[in-house]
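Q: These protein sequence lines map, in sequence, to chains Z and W. In terms of the working numbering, the first sequence is numbered consecutively and its last residue is 471. In terms of the working numbering, the second sequence is numbered consecutively and its last residue is 258.
Because the hints were derived from the structure by calculation, they are not lab data. Quantities reported herein were computed from a predicted structural model and do not represent experimental measurements. Errors might be hidden in some of the hints.
Partner residues are not named here, just some residues of chain Z that face chain W (Cβ under 7 Å, in silico) [stated by the list, open to error]:
no.: 1; residue: L83
no.: 2; residue: Q85
no.: 3; residue: I88
no.: 4; residue: K92
no.: 5; residue: D96
no.: 6; residue: R99
no.: 7; residue: R292
no.: 8; residue: G293
no.: 9; residue: S294
no.: 10; residue: E296
no.: 11; residue: P297
no.: 12; residue: L299
no.: 13; residue: V300
no.: 14; residue: N301
no.: 15; residue: P302
no.: 16; residue: E465
Footprint (simulated), chain Z over chain W, 3 or more residues, beta carbon under 8 Å [what the hints assert, rightly or not]:
no.: 17; region: 37-49
no.: 18; region: 105-115
no.: 19; region: 228-234
From the three backbone atoms N, C-alpha and C, an ideal C-beta is built for every residue, glycine too.
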Amino acid sequence: MSVARSLRQIAIVVRKELKDSLRDRRALWSIVFSVSIGPMIIGFMMNRVADRQREAEQVRVPVVGTQYAPALVDWLRQQSGVQIVEGPQNPEEAVRNQEEELAIIIPKDFAKTFNQSKPAVLQIVADSSRNDARPRVERVRRLLQQYGAEIGSLRLIARGVSPSASQPLVLEDIEVSTAQQRAAQILTFIPMFIMMAGFVGGMQIATDSTAGERERGSLEPLLVNPAPRLVFVGGKWLAAALAAMVSTGLTTVLCAILPRFLPLEEMGIRFRIGPEHLTGIIGAALPMCLFSAALQSAVGTLARSFKEAQSYMGVLVLMPMIPGVLGALYPMGNAPWMYATPMLGPYVLLTNVLGGQTPAINAFLISAGISIVAAAILVRITATLFESERIIFGR
Amino acid sequence: MIRVEQLRKQFGSVTAVNGVTFTAENGAITGLLGPNGAGKTTTLRMLYSVMRPDSGSIKVDDIDAIASPHDAQGRLGVLPDGFGLYPRLTAREHLEYFGELHGISGPALRQRTKELLDLLDMNAIADRRTAGFSHGERTKVGLARALVHNPQNVLLDEPTNGLDVMSTRAVRTIVRRLKEEGRCVLFSSHVMQEVSALCDSIVVIAHGQVVGRGSPDDLRQHTGHDNLEDAFVALASVDRGVRE
Numbered sequence: 077m078s079v080a081r082s083l084r085q086i087a088i089v090v091r092k093e094l095k096d097s098l099r100d101r102r103a104l105w106s107i108v109f110s111v112s113i114g115p116m117i118i119g120f121m122m123n124r125v126a127d128r129q130r131e132a133e134q135v136r137v138p139v140v141g142t143q144y145a146p147a148l149v150d151w152l153r154q155q156s157g158v159q160i161v162e163g164p165q166n167p168e169e170a171v172r173n174q175e176e177e178l179a180i181i182i183p184k185d186f187a188k189t190f191n192q193s194k195p196a197v198l199q200i201v202a203d204s205s206r207n208d209a210r211p212r213v214e215r216v217r218r219l220l221q222q223y224g225a226e227i228g229s230l231r232l233i234a235r236g237v238s239p240s241a242s243q244p245l246v247l248e249d250i251e252v253s254t255a256q257q258r259a260a261q262i263l264t265f266i267p268m269f270i271m272m273a274g275f276v277g278g279m280q281i282a283t284d285s286t287a288g289e290r291e292r293g294s295l296e297p298l299l300v301n302p303a304p305r306l307v308f309v310g311g312k313w314l315a316a317a318l319a320a321m322v323s324t325g326l327t328t329v330l331c332a333i334l335p336r337f338l339p340l341e342e343m344g345i346r347f348r349i350g351p352e353h354l355t356g357i358i359g360a361a362l363p364m365c366l367f368s369a370a371l372q373s374a375v376g377t378l379a380r381s382f383k384e385a386q387s388y389m390g391v392l393v394l395m396p397m398i399p400g401v402l403g404a405l406y407p408m409g410n411a412p413w414m415y416a417t418p419m420l421g422p423y424v425l426l427t428n429v430l431g432g433q434t435p436a437i438n439a440f441l442i443s444a445g446i447s448i449v450a451a452a453i454l455v456r457i458t459a460t461l462f463e464s465e466r467i468i469f470g471r
Numbered sequence: 015m016i017r018v019e020q021l022r023k024q025f026g027s028v029t030a031v032n033g034v035t036f037t038a039e040n041g042a043i044t045g046l047l048g049p050n051g052a053g054k055t056t057t058l059r060m061l062y063s064v065m066r067p068d069s070g071s072i073k074v075d076d077i078d079a080i081a082s083p084h085d086a087q088g089r090l091g092v093l094p095d096g097f098g099l100y101p102r103l104t105a106r107e108h109l110e111y112f113g114e115l116h117g118i119s120g121p122a123l124r125q126r127t128k129e130l131l132d133l134l135d136m137n138a139i140a141d142r143r144t145a146g147f148s149h150g151e152r153t154k155v156g157l158a159r160a161l162v163h164n165p166q167n168v169l170l171d172e173p174t175n176g177l178d179v180m181s182t183r184a185v186r187t188i189v190r191r192l193k194e195e196g197r198c199v200l201f202s203s204h205v206m207q208e209v210s211a212l213c214d215s216i217v218v219i220a221h222g223q224v225v226g227r228g229s230p231d232d233l234r235q236h237t238g239h240d241n242l243e244d245a246f247v248a249l250a251s252v253d254r255g256v257r258e
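Just need the whole structure built from these sequences, with the hints factored in.
A: Structure follows, in structure tokens:
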């Protein structure tokens, strides 16, 4: 059997599998979903961060008993972004039911205690389990502490004591988790989403052309055609890999367009994916598609049914997420062994490329080489499985 | 022409095919007759090289099918038992896919596809996706797909199983036509009437062995039963009678 004929047959199988899956609505939707979910999540999260930043400045403070401490209420009103409103009848109930994020209760005897220079009680009603309200509760708490400190200083001065005597410590908060950093952290998910797109993009073809083919009983007639098993497996693998590559490309393009619609400037973040990044992204991600498609074809062939294959795929899909999640938690270096690890190499490369530092060409070659060798081994194994009577006829 | 000698196949401790020998001639319809589980499908699967025999030899037009399976497959048209189709491809695309895999393309493929669609009276369904096809329509697609490369030898594993009368007739017409064209048709069935109506030569298989062979008349004479069905029962239960 000549090589030219085998190559022609591989092309025939690829074309058939692509045509078949293009007609598969479910496959198309899974590709559309895998391609757009990443950019959508990033856009959504970025907008949230920007909104939060804007919101934390604006705080609405319901106060119960404004008449008992008019000076305090006036002072609060003068602070920027603070809006004082009349407190609800039952402030605790209102906060518990999430009608209000917080409330200040000024007790009736506030003025009396205050004027006697005794500690006057103020109550802040808040729900500490509500993360979204926390920045505003914190801001109000700080404002009240600031007011207390100012009054305390005035009282000491009135008694001829330096206010600094009562302040042995000065605490300064240096907040590292600024909005910029949070936003930058979100952008580090882009490599993961590009890899996920590659992984999910080829999944449907890989499953349908192996486990699906067996389950439909169309594998036996297919194998009656005069071609080595490697031709069938190679065609199925390449079809899945092509779909994965197209998905990867589309996600990359979406990620490149996306920053234009995000309030990145407002948050002081410079981020763009330009043509100069594209070669790097392609060099990092496309060889990975060859590997992931080969892995999926092998697993799909081993599964006893389409359903079983799909549940395995659900587990496999976690693979490209592992380096992404680890990378978000621990800063990863650029150790050479990383490039030589199938899913990790592309991830590290993508992170570097998007971070603006282009890795050495050798790093790309090692990563691509490992992906291709691993893919070749897996395709070989799958072809052997296709020889096995247990696989062809076993259900 | 297909020549099978001393074919054996074992699955674990079960011997599915135990020394089957027969010849299917060109220009003749050979029936592989036997009860369910007799080893017919396993024998055919070894013939079309999706199973490897443990021992024995298979010759397809004098090509050793075990040593050069792809050359043999090129000379075989096969309708496997319980075959499946691609629900999202049309009938025509099924023919084209297999035709291309056999190395036919362009005008030759279009011409051959058209001939088969006409022959099997499939023009009304040719460009419909096969999802939702009736059993008869599916069988026609499977049959046309098996014949797309004009094979000299045609293997049909229980092709009329579960078909209605009209479709069964269509299949029989095709099979007779293949014979007239001088092809070798090997056809398995567990239905007596089917085989006696069509076949020039019958190979009766039971428990993985050939228990009778010859024309319908030979078999009647050999077993001493006038009725072919009685002859079949007599043959198929030769050694079972001892055990039961």
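Q: Does each hint hold? Answer for all of them.
A: We went through each hint and held it up to the structure:
The beta carbon of L83 (chain Z) is not positioned within 7 Å of any beta carbon in chain W (closest approach about 12 Å), and the interface hint is therefore violated. Proximity of Q85 (chain Z) to chain W holds as hinted, the smallest CB-CB distance being about 6 Å (cut-off 7 Å). The interface hint given for I88 (chain Z) is met, as the beta carbon of that residue sits about 5 Å from the closest beta carbon of chain W, less than 7 Å. Interface restraint check for K92 (chain Z): the shortest CB-CB distance to chain W comes to about 5 Å, inside 7 Å, so the restraint holds.
For D96 (chain Z), the interface hint holds, since its Cβ comes within 7 Å of a Cβ in chain W; the closest pair sits about 5 Å apart. Below 7 Å, beta-carbon pairs count as interface contacts, and R99 (chain Z) has one with chain W at about 4 Å; its hint therefore holds. At its closest, the beta carbon of R292 (chain Z) sits 4 Å from a beta carbon of chain W; the interface hint therefore holds under the 7 Å criterion. A distance limit of 7 Å between C-beta atoms decides the matter here; for G293 (chain Z) the minimum to chain W is near 3 Å, and the interface restraint holds.
The criterion of a C-beta within 7 Å of any C-beta in chain W is met by S294 (chain Z), whose closest approach is roughly 4 Å, and the hint holds. For E296 (chain Z), the interface hint holds, the least distance from its beta-carbon to any beta-carbon of chain W being 5 Å, beneath 7 Å. Given hint, P297 (chain Z) at the interface with chain W, holds; its Cβ is 5 Å from that chain's nearest Cβ, closer than 7 Å. Annotation: L299 (chain Z) was flagged as interfacial toward chain W, and the flag holds, the nearest CB pair being 5 Å apart, inside 7 Å.
Because the beta carbon of V300 (chain Z) sits about 5 Å from the nearest beta carbon in chain W, less than 7 Å, this interface hint is met. Checking N301 (chain Z) against chain W: minimum C-beta separation of about 4 Å stays under 7 Å; hint holds. For P302 (chain Z), the interface hint holds, since its Cβ comes within 7 Å of a Cβ in chain W; the closest pair sits about 4 Å apart. Because the smallest distance between the Cβ of E465 (chain Z) and any Cβ of chain W comes to about 6 Å, under 7 Å, the interface hint for this residue holds.
Chain Z is given as covering the region 37-49 of chain W, and this is violated because 0 residues of the stretch bring a CB closer than 8 Å to a CB of that chain, at least three being needed. Counting residues of the region 105-115 of chain W whose CB lies closer than 8 Å to any CB of chain Z gives 5, so the stated coverage by that chain holds, three being the minimum. Coverage of a stretch by a chain is defined here by at least three residues with a beta carbon nearer than 8 Å to that chain's beta carbons; for the region 228-234 of chain W and chain Z the count is 0, and the condition is violated.
Consistency note: the structure conflicts with the earlier hints numbered 1, 17 and 19.
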